[in-house]
Structure formats: structure tokens, C-alpha cells
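Chain residues, written in single-letter form:
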Amino acid sequence: MSLEYPGDLKYLDTHEYVRLEGEIATIGITAFAVDQLGDIVFLELPEVGDAITKGETFGTVESVKAVEDLNSPITGTVIDRNEPLLDAPEQVADDPYGEGWFIKVRVNDPGEIDDALTADEYSAQVEG
Amino acid sequence: MVKQEENALPLYKTPLYFLAQELKARLTSFGGWEMPVQFSGITNEHEAVRNAAGMFDISHMGKFTFQGKNLITKLQYLVPSDLSRLQPGQAQYTVLLNPEGGIIDDIIFYYQGENSSGEQQGVIIVNAATTSKDKAWLLQHIDANELNFQDLSKGKILIAVQGPKAVEYLQPFVQSDLSQVKAFGHLEAPVLGKTAFLARTGYTGEDGFEVMLDPEEGVKLWRSLVDAGVIPCGLGARDTLRLEAAMALYGQDIDDTTTPLEAGLGWLVHLDTKGDFIGRPILERQKTAGVQRRLVGIQMQGRNIARHGYQVLSAGTVVGEVTSGTLSPTLGYPIALAYVPTQLATVGQQLEVEIRGKTYPAVVVKKPFYRSKARVANS
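Residue numbers (the working numbering), protein chains in the order written: chain A, 62 to 189; chain B, 34 to 412.
Simulated from the structure, these hints should not be mistaken for lab results. We put the beta carbon where it would ideally sit given N, CA and C, even for glycine. Wrong hints could be hidden among the right ones.
As the list claims (entries may be wrong) - Straight-line Cα separation of at most 27 Å, DSS-like style, residue types lysine-lysine; simulated pairs:
hint : chain 1 : residue 1 : chain 2 : residue 2
1    : B       : 406       : B       : 391
2    : B       : 57        : B       : 253
3    : A       : 115       : B       : 187
4    : B       : 166       : B       : 107
5    : A       : 165       : B       : 168
6    : B       : 36        : B       : 166
7    : B       : 107       : B       : 36
8    : A       : 115       : B       : 57
9    : B       : 166       : B       : 215
10   : B       : 57        : B       : 187
11   : A       : 165       : B       : 36
12   : B       : 307       : B       : 102
To be verified - FRET-style restraints, in silico, Cβ to Cβ:
hint : chain 1 : residue 1 : chain 2 : residue 2 : range
13   : A       : 151       : B       : 396       : 21 to 29 Å
14   : A       : 186       : B       : 44        : 57 to 65 Å
15   : B       : 181       : A       : 155       : 51 to 59 Å
To be verified - Here chain A is said to cover these stretches of chain B; the calculated rule only asks that three of the stretch's residues, wherever they fall, bring their Cβ under 8 Å from a Cβ of chain A:
hint : region
16   : 180 to 186
17   : 275 to 289
18   : 306 to 319
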């Protein structure tokens, strides 16, 4: 398997990624997760304004076969969610780190993601 | 999502396992076997079966053969269906029942007729996870010596070729005219030069054949069908296809605690034409008094998918449980099977399903959710 794990992102061992730019975090799922899930058919995401908490569930992603909780890598307030993706969740697969993002969050403490995995650590875990 | 976990128990592998590996299929454990869940993607495989042809390695299923003077009489006592009306070359989908009328397993009995010494011959195909349970039950109720029972479960390969073009793709490898075989008909004929058992049955709601043959020819047939353009399919597509066709999955939709009358399998119960059988008193009572609950088809009103184990509500009160659910690839909306009280089991009945703490509207719809035009024309 040769899936990509961009070096500027941080990762959870439960296959969510976070891209932190200042105090704004963009959250989605990794190429590995997309590959494992297969055809993604449904996505449930929090509303703009909702608070999410590090380590807790913020939504769900469903493939034809399975439903999986989405775990938050960070604490903060949802400022945007990917509305077009809710109508066409299968498009996550085309560009998980770009157009396939799930939510944007204004974070309380950027330092919270320090213990998340680097790209190398994550890729070693899923492909090792 | 969740972390990856290693399987703790060693799993059986079918003789076609290495071909799934070659094709980089995603594998899963199912009923004690390591089986492909998908090859090219569930949606793609599902559509191949609906529109052209797909094939499944179902070698993990239990395969028994019987031979003896009073085969039909012995088996008649174990199932609610009247097997005596079967002609050689015909088959009956039916269920093994326990004394409570509960379903031990759903099976297909293929009646092959009598041999030259007047012995009746037949084949029974059962679910993978229930193979040893069924075998024990059958051997408990028949005399294995008298009936000459054989368990071919591990020795033979079973390949299901399904879809409107299944016969077209399969025919070149079979020395017999498959178009002459009716739905649920079966025969023994040479496949790639060696005798095989072929049945016009399946679990997808489409036309097609299930082929039982030796491993060497099975591997050759699989490779030949791949080369011919038949799409390899895994258990994922098998589940979405069978659910659209509203075919029950043992262990989810039916089990030891559900009777055929509750499960909407009343058409298997022939109380009027056959004598005593295990579970008969319960089914007679249910037939007279009516059942308390029924397995119904449900269509979700939104995009949320009802899944196995989710609760079904009516006016805010829990009334039942979803047994199987998915997003229907063919129909484009979520469908499910659920047990609900009989008074709520009529088509058009509004219900709700609880999904992750919220309730969503659903409606009882006619089963099956999808019916193949090709299959209707054929049967």
C-alpha cells in the first residue's frame, strides 16, 4: 500500500488528521481510513457553533458496511463544516486532505495536538 | 474511527483464498473463515451483479450429500416444507426447525432423484457458521448409515455466478445447456471436463448459478471467469444484494428464537399437505392465533442508515429492533429489516428508528425492496 500522509498534518491512531493554521484546525480522516472504509455513503458532522472536545466523538462516517465514530483531536468551537460533502460523502475519497475535509474549528489551546502522531509515526503504525 | 485489531483466533481459508489475495481483496473474518469482504469496492461489485455478472467464493458454506431409500421421509420430519412434491432436479429453500418452531438454519435441499438401486439422493447447502450445528442436528435425526451421509464442506469449492449475464459468462465452461435449467433447478454436468454440481440458485435476487466442484477445477473456473470479465465480489456486496432482495441472513434476521411465520417465510410452511414435523404444534398455533411480531421491510425517510441492533419506535415507544440495514446501492436510500408487533406491520405504517440517540422517520414498505426484471422473466 502506498498512501500519502502529508508532513504538515498531525494524526490520531484512530485515523483522524488535524491541520493547524494559527488557531484554526481543519479536521478530516486519513487516506488509510478512506481505503479501509471503502465506499463512504453517509457523514454526520456537528453544526457551526457547536463545541467539540479533545478525545470525544464529534460525528460519524458510514461506509456501506460500517459506521465509525469520529474522534476529535482538539477542543474548540466549530466555525465551518464541509456542506457539499454532506450531500456527496463519497467524494471524501477523491481528496481526503483537501476538498474532503470535514470541519474547521477555532481551537482553545493549540498545544493540545502536541501529543498527536507525526506523519512518520502514523504511517509506521498503519503500514508497519 | 477505531484502531486496527489483530484477529485472535486462527481462521479457515477456502481453496480460493490465494486468488483473493492475488486480487488484493480486503479480508474479514466471517463464521470462522477468513473471507474477502470486497475486491474492487462494494458499490462497484453490487452494480456488476445487478447489471452484468459477478461471482462469489462461497466455499465456506456447508455442503452435505445424502443417499438412501427413505431420504425424503427422514428429512420431511425436520422441515416445515413438503419435500415429497419435489421432482428430481428440483430444489426447495426451507428451514430446519427446533421443537419451539425456531429456525436452526435456513438451507436449500436439492433433490437429485433415485439411483439404479432405488436410493434417493440429495444435496443440502447450509450456512458457514452453522455447518457443525446443522450436521449434529441432521445426524441426530437420521440414521447416517442408512442414509449414507457425506460432509463435503471442506473438500469442495462453491462458486456463485450471479447477474443477468451470469449464464452467458458461465456457459462456455459447462458441457450442458444452462438455458434449459429452470430457477431452483439443478444438474450434474462436466465443468472444465470434470463432473460438477450446478444449481440455478443464489442469494442476490438475480439470475445465476451456484457451482460445486473440486478445488483444482474451481481455481481454474474462477480464473477463467475473471479473464472473461466476471467481477469478483466479496461478502459486502453479497450483503447489500441479498438485503435489497429481502433475503434473510441467518444469525441476524432469523435464528433459533424466530419462527418462519414471524420471519415472513410462511410460504415455506405447508401444514395442509404434510404430516408431523418438529415444531409443527407451535406453527399450527401461530397460524390459528396469528403471530405477535413480524419481520418487515423499512425504508428510512432521510439519509440516516438504520443498522443491525438499532431500536424501532412507534409514537415514541420502543416496539422492535432492526435486524439488517444498509444504504441500498440500487435504490439510493437506506433500507432495513426489523421485527415489529403485527399490528404495526402493515405497508405504509409510520415508524421511527433510533440512530445514535436521535429518532428518524421510517415507513414500512413491501418486500423485496428490489426485484430483478430478468429474474421475474426467468422464473
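Okay, the hints, checked on the actual structure:
| no. | hint | verdict |
| --- | --- | --- |
| 1 | 406(B) to 391(B) | violated (37 Å) |
| 2 | 57(B) to 253(B) | holds (18 Å) |
| 3 | 115(A) to 187(B) | violated (49 Å) |
| 4 | 166(B) to 107(B) | holds (18 Å) |
| 5 | 165(A) to 168(B) | violated (57 Å) |
| 6 | 36(B) to 166(B) | violated (33 Å) |
| 7 | 107(B) to 36(B) | violated (50 Å) |
| 8 | 115(A) to 57(B) | violated (36 Å) |
| 9 | 166(B) to 215(B) | violated (31 Å) |
| 10 | 57(B) to 187(B) | holds (24 Å) |
| 11 | 165(A) to 36(B) | holds (24 Å) |
| 12 | 307(B) to 102(B) | holds (19 Å) |
| 13 | 151(A) to 396(B): 21 to 29 Å | holds (25 Å) |
| 14 | 186(A) to 44(B): 57 to 65 Å | violated (24 Å) |
| 15 | 181(B) to 155(A): 51 to 59 Å | holds (58 Å) |
| 16 | 180 to 186 | violated (count 0) |
| 17 | 275 to 289 | violated (count 0) |
| 18 | 306 to 319 | violated (count 0) |
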